[in-house]
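Starting from the given sequences, assemble the full structure and let the hints guide the process.
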Amino acid sequence: MANATNINAWDDMANRSPVVGFIDQCLRGAGQVIFQNNPLTGLFFLAGIWWGSIVAGQIAVAVGATIALIIATYTAVLLDVDEPSLKQGLFGFNGILVGAAVPSFIGTDWTMWLLLIIGAAVSTIVMLAISNIMKTWGVPALTFPFVLTTWFLMLSAYAFHRLPIAGLSPPALPQAANVTDLHATVGNYLEYLFKGPAQVFLINNAISGLLVVIGLFINSRAAAIFALVGSAVGIIIALIFGGSPSSIANGLYGFSPVLTAVALGCVFYAPSWRVTLYALLGTIFTVIVQAALDTAMTPIGIPTFTAPFVFATWLFLLPKAKLKPHPHEEIKNGIFTKHPVAQDLPPT
Amino acid sequence: MANATNINAWDDMANRSPVVGFIDQCLRGAGQVIFQNNPLTGLFFLAGIWWGSIVAGQIAVAVGATIALIIATYTAVLLDVDEPSLKQGLFGFNGILVGAAVPSFIGTDWTMWLLLIIGAAVSTIVMLAISNIMKTWGVPALTFPFVLTTWFLMLSAYAFHRLPIAGLSPPALPQAANVTDLHATVGNYLEYLFKGPAQVFLINNAISGLLVVIGLFINSRAAAIFALVGSAVGIIIALIFGGSPSSIANGLYGFSPVLTAVALGCVFYAPSWRVTLYALLGTIFTVIVQAALDTAMTPIGIPTFTAPFVFATWLFLLPKAKLKPHPHEEIKNGIFTKHPVAQDLPPT
Amino acid sequence: MANATNINAWDDMANRSPVVGFIDQCLRGAGQVIFQNNPLTGLFFLAGIWWGSIVAGQIAVAVGATIALIIATYTAVLLDVDEPSLKQGLFGFNGILVGAAVPSFIGTDWTMWLLLIIGAAVSTIVMLAISNIMKTWGVPALTFPFVLTTWFLMLSAYAFHRLPIAGLSPPALPQAANVTDLHATVGNYLEYLFKGPAQVFLINNAISGLLVVIGLFINSRAAAIFALVGSAVGIIIALIFGGSPSSIANGLYGFSPVLTAVALGCVFYAPSWRVTLYALLGTIFTVIVQAALDTAMTPIGIPTFTAPFVFATWLFLLPKAKLKPHPHEEIKNGIFTKHPVAQDLPPT
Numbered sequence: 001m002a003n004a005t006n007i008n009a010w011d012d013m014a015n016r017s018p019v020v021g022f023i024d025q026c027l028r029g030a031g032q033v034i035f036q037n038n039p040l041t042g043l044f045f046l047a048g049i050w051w052g053s054i055v056a057g058q059i060a061v062a063v064g065a066t067i068a069l070i071i072a073t074y075t076a077v078l079l080d081v082d083e084p085s086l087k088q089g090l091f092g093f094n095g096i097l098v099g100a101a102v103p104s105f106i107g108t109d110w111t112m113w114l115l116l117i118i119g120a121a122v123s124t125i126v127m128l129a130i131s132n133i134m135k136t137w138g139v140p141a142l143t144f145p146f147v148l149t150t151w152f153l154m155l156s157a158y159a160f161h162r163l164p165i166a167g168l169s170p171p172a173l174p175q176a177a178n179v180t181d182l183h184a185t186v187g188n189y190l191e192y193l194f195k196g197p198a199q200v201f202l203i204n205n206a207i208s209g210l211l212v213v214i215g216l217f218i219n220s221r222a223a224a225i226f227a228l229v230g231s232a233v234g235i236i237i238a239l240i241f242g243g244s245p246s247s248i249a250n251g252l253y254g255f256s257p258v259l260t261a262v263a264l265g266c267v268f269y270a271p272s273w274r275v276t277l278y279a280l281l282g283t284i285f286t287v288i289v290q291a292a293l294d295t296a297m298t299p300i301g302i303p304t305f306t307a308p309f310v311f312a313t314w315l316f317l318l319p320k321a322k323l324k325p326h327p328h329e330e331i332k333n334g335i336f337t338k339h340p341v342a343q344d345l346p347p348t
Numbered sequence: 001m002a003n004a005t006n007i008n009a010w011d012d013m014a015n016r017s018p019v020v021g022f023i024d025q026c027l028r029g030a031g032q033v034i035f036q037n038n039p040l041t042g043l044f045f046l047a048g049i050w051w052g053s054i055v056a057g058q059i060a061v062a063v064g065a066t067i068a069l070i071i072a073t074y075t076a077v078l079l080d081v082d083e084p085s086l087k088q089g090l091f092g093f094n095g096i097l098v099g100a101a102v103p104s105f106i107g108t109d110w111t112m113w114l115l116l117i118i119g120a121a122v123s124t125i126v127m128l129a130i131s132n133i134m135k136t137w138g139v140p141a142l143t144f145p146f147v148l149t150t151w152f153l154m155l156s157a158y159a160f161h162r163l164p165i166a167g168l169s170p171p172a173l174p175q176a177a178n179v180t181d182l183h184a185t186v187g188n189y190l191e192y193l194f195k196g197p198a199q200v201f202l203i204n205n206a207i208s209g210l211l212v213v214i215g216l217f218i219n220s221r222a223a224a225i226f227a228l229v230g231s232a233v234g235i236i237i238a239l240i241f242g243g244s245p246s247s248i249a250n251g252l253y254g255f256s257p258v259l260t261a262v263a264l265g266c267v268f269y270a271p272s273w274r275v276t277l278y279a280l281l282g283t284i285f286t287v288i289v290q291a292a293l294d295t296a297m298t299p300i301g302i303p304t305f306t307a308p309f310v311f312a313t314w315l316f317l318l319p320k321a322k323l324k325p326h327p328h329e330e331i332k333n334g335i336f337t338k339h340p341v342a343q344d345l346p347p348t
Numbered sequence: 001m002a003n004a005t006n007i008n009a010w011d012d013m014a015n016r017s018p019v020v021g022f023i024d025q026c027l028r029g030a031g032q033v034i035f036q037n038n039p040l041t042g043l044f045f046l047a048g049i050w051w052g053s054i055v056a057g058q059i060a061v062a063v064g065a066t067i068a069l070i071i072a073t074y075t076a077v078l079l080d081v082d083e084p085s086l087k088q089g090l091f092g093f094n095g096i097l098v099g100a101a102v103p104s105f106i107g108t109d110w111t112m113w114l115l116l117i118i119g120a121a122v123s124t125i126v127m128l129a130i131s132n133i134m135k136t137w138g139v140p141a142l143t144f145p146f147v148l149t150t151w152f153l154m155l156s157a158y159a160f161h162r163l164p165i166a167g168l169s170p171p172a173l174p175q176a177a178n179v180t181d182l183h184a185t186v187g188n189y190l191e192y193l194f195k196g197p198a199q200v201f202l203i204n205n206a207i208s209g210l211l212v213v214i215g216l217f218i219n220s221r222a223a224a225i226f227a228l229v230g231s232a233v234g235i236i237i238a239l240i241f242g243g244s245p246s247s248i249a250n251g252l253y254g255f256s257p258v259l260t261a262v263a264l265g266c267v268f269y270a271p272s273w274r275v276t277l278y279a280l281l282g283t284i285f286t287v288i289v290q291a292a293l294d295t296a297m298t299p300i301g302i303p304t305f306t307a308p309f310v311f312a313t314w315l316f317l318l319p320k321a322k323l324k325p326h327p328h329e330e331i332k333n334g335i336f337t338k339h340p341v342a343q344d345l346p347p348t
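Chains as they are written, first to last, in this note's numbering: chain A, 1 to 348; chain B, 1 to 348; chain C, 1 to 348.
Misleading hints may appear alongside valid ones.
One side of the interface only, derived from the structure: several residues of chain B facing chain C at Cβ under 8 Å [claimed, not checked]:
no.: 1; residue: Ala9
no.: 2; residue: Trp10
no.: 3; residue: Ala129
no.: 4; residue: Leu153
no.: 5; residue: Pro319
Derived lysine-lysine pairs resembling DSSO-like cross-links, with alpha carbons at most 27 Å apart [unchecked claim]:
no.: 6; chain 1: B; residue 1: Lys338; chain 2: A; residue 2: Lys322
no.: 7; chain 1: C; residue 1: Lys322; chain 2: A; residue 2: Lys338
no.: 8; chain 1: C; residue 1: Lys322; chain 2: B; residue 2: Lys324
no.: 9; chain 1: C; residue 1: Lys332; chain 2: C; residue 2: Lys322
no.: 10; chain 1: B; residue 1: Lys338; chain 2: B; residue 2: Lys322
The hints are simulated quantities; they were obtained by calculation from the structure and are not laboratory data. Glycine included, each C-beta is placed from N, C-alpha and C at the ideal position.
This is the structure in structure tokens:
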């Protein structure tokens, strides 16, 4: 983790001033979307969001992301959460994504902002809930709190007439893909490559992607490289199996593989050749899960968000060294056991 | 927990006579639908079900609920479950709901009764299963055993031609809500307010709701108040976001918030102002989850039952004081760890 | 577990030669699909697959199953998994099913084979992941790794135009069953009875089913009997509730009950009359879950695979002797607890 003297000066200020400290937590929260505990990285990610949303004429996305980041982080403060986790920005990265997603898919009305505020606050509670579950197996919550919360928000918009649907694909029955292959120039592919990291933040803009990659590079060269490799794997596997050209061109096959590649390749496992091959398989599988969830979500008209990354990465993090699967023989303490061994009680 | 001398006399009889003891367990089972370990409360809840189903000309609902309550409780006896839990009625509250749901949505035929009996017995096994899972995080099963079991029963009716579908909405693709706002008098709103607690038991009748609230009041004033507040929150949030007027008028935005408000406000957390605010946020979120699951269930044509309450309440109960989320760094005992620490084994 | 002297000779060879040892692991992997740790049983199961797929002119199914069995087992070797588990064949039974399923539903193209190879390798990782989760409650992963992996593979085929859909029912909205009752001779019913065990391996052939039952009988008479009872229960319950005649005739109501009956009746509980009655209820419930999941999967156009068995059997294995469900009272270490007890940490 690169630390310049400027960073040290900032850290000092963050420790002394509660306001700077809170800003620091928010910026780190932005950085933690791609696992980087670094406020400058977070600033680059925010810059990527603002650039992309201004260019697209959707400034509500950047405003929403920023507000939600602040609300989610402040909710954690109010809930008196674990201080070190708060300082690492672990209560902001789901909120910022909730805040980017809501205005991307629901029309700008005051009810949308109300929904966004509720969702941002709830994302922190869901983060605590999912973290409690997943730590049972020594595994992080990843961005599942964002995914789960935002799925609820999006689905509710179909039932609430004051939440105008603005960017969701209409619910439909899945049909066998009937598309042609993608034909693109090298320049195009370079653009698609950088759209992957941008789409992590729901931004369809290659320059935003470049800002994201620079933000990564500042804190971890390995993370920047794995992010680009992940985006490339997304494009290549989608080309091999024949994914929709427009999805490939918009970086929609790239954002989940970006996250999987960084998570498996250099964050949650110590980097090595074996780990890299394992991360590669996980990244390839993420592309298949992306296509699968795209299909599964079609009848209910909501996006997958980063669920393909979450599900694939959980599956690739849960195996433990020398794990003994339960054998196919009599279970212990079954309901008909005469003299059961003392039951495990809820944590007291 | 209010205790009159009559109650003491009843408790004595329940301890002495196995028959009265079993009736006591069944009545407490009814009471536990809204977390009340009180046979008189359970009697009022049952009275609410009988009143509502007779008035609606659907006596099979009350008969089904009563039979299923007995079968579910007796299945627990046969399975030789934990005695104190049995005496608290923890094996009846899912069964009674299965028994109210099946005749509400499937036509009265002998095959319906067979399905109801199987479902009631299975609900007790599912209660044990879900309880075993959720106690890992010190959290109750809530009514998820009812929800899961009944979802299976309802979905099976589409595939089985001798289970005539009588009250399920036909499967459809979700569409953006296109409804007008609700216009109602104060009297109307008072009626809707009491329909919320009644719909916990799948009864669309305000007088049944009044019986339910009286039953709560007998055992816990706080529970009665939180139930009405929950129902009011359901109506208000649905009005703000523009939910379907007929759903609001039938108490369908109220029943899950009733349960969330009681659960979070005065059962699973010690009441306080902070807890009340937290419970309020949880109750508001429950209304959003209700709308969301209404959308998600549309293509498969089944009701949400109390799933919005269950999911929202679980998410608001799972956070623990000073919980440390897994940080974004190397996991322990990962599959490539050379010398893993001793693995946790299945409980022996 | 029957052991002939030939078996002992084979075991000696398997211990001495790495190649024979690996073949032994693969054959046991085939056997473990129905919980039999016996290479000869596995050989009979493979013979059933080959016979059925040759007769149906779908040799790719048998080739796929065999290749995937080898790849899944070898992936476990590469991941340096727990040796005793590997030797019992616990890393092959999901792979063989992935390999039978993919060519059954996706057209034979090189991209299908690539998908199959990825899926087979991933099935081993998913087995480790699900095993880690489920051992928390002393319960096996069952065939859920196969189900989950293959659901992803099948769903992805709708989005990828180079994965031609060949055998999946087109996505549709569920409709109330409108079928006549089945009329069949005793000879027909005997055929359907043996199609149940064959359909465990996605094979629609009674002779294959006979080979499967013989394979079971070699290792465990009880397993052979419970398998046939399970298949019979599937047919009878489907007849009572009025399931689709073609599904009954093709063994599609039988394969999950076969697995539930064997699992609950004589593998995971010590056989007794109480256990047999419990297994019977679980097997009946499996048929209802089969019908339910058939409905739930209709809008996304994928088969249930063995999910009905997995879900029903998990629910019937999770209850523990003298389990205390969390009572409806204040939870421990709730988020507003002032002085929380030491938190459980991730396994270190």
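Going through the hints against the structure:
1. Ala9: violated, 24 Å
2. Trp10: violated, 20 Å
3. Ala129: Where the cut-off is 8 Å and the nearest Cβ of chain C is about 3 Å from alanine 129 (chain B), the hint holds.
4. Leu153: Because about 7 Å separates leucine 153 (chain B) from the closest Cβ in chain C, which is inside the 8 Å limit, the hint holds.
5. Pro319: holds, 4 Å
6. B:Lys338 to A:Lys322: holds, 10 Å
7. C:Lys322 to A:Lys338: Within the cut-off at roughly 10 Å; holds.
8. C:Lys322 to B:Lys324: Violated, because 31 Å separates the two Cα atoms, which is more than 27 Å.
9. C:Lys332 to C:Lys322: Between lysine 332 (chain C) and lysine 322 (chain C) the Cα gap is close to 21 Å, so the pair holds against 27 Å.
10. B:Lys338 to B:Lys322: violated, 31 Å
When each numbered hint is compared with the structure, violations occur for hints 1, 2, 8, 10.
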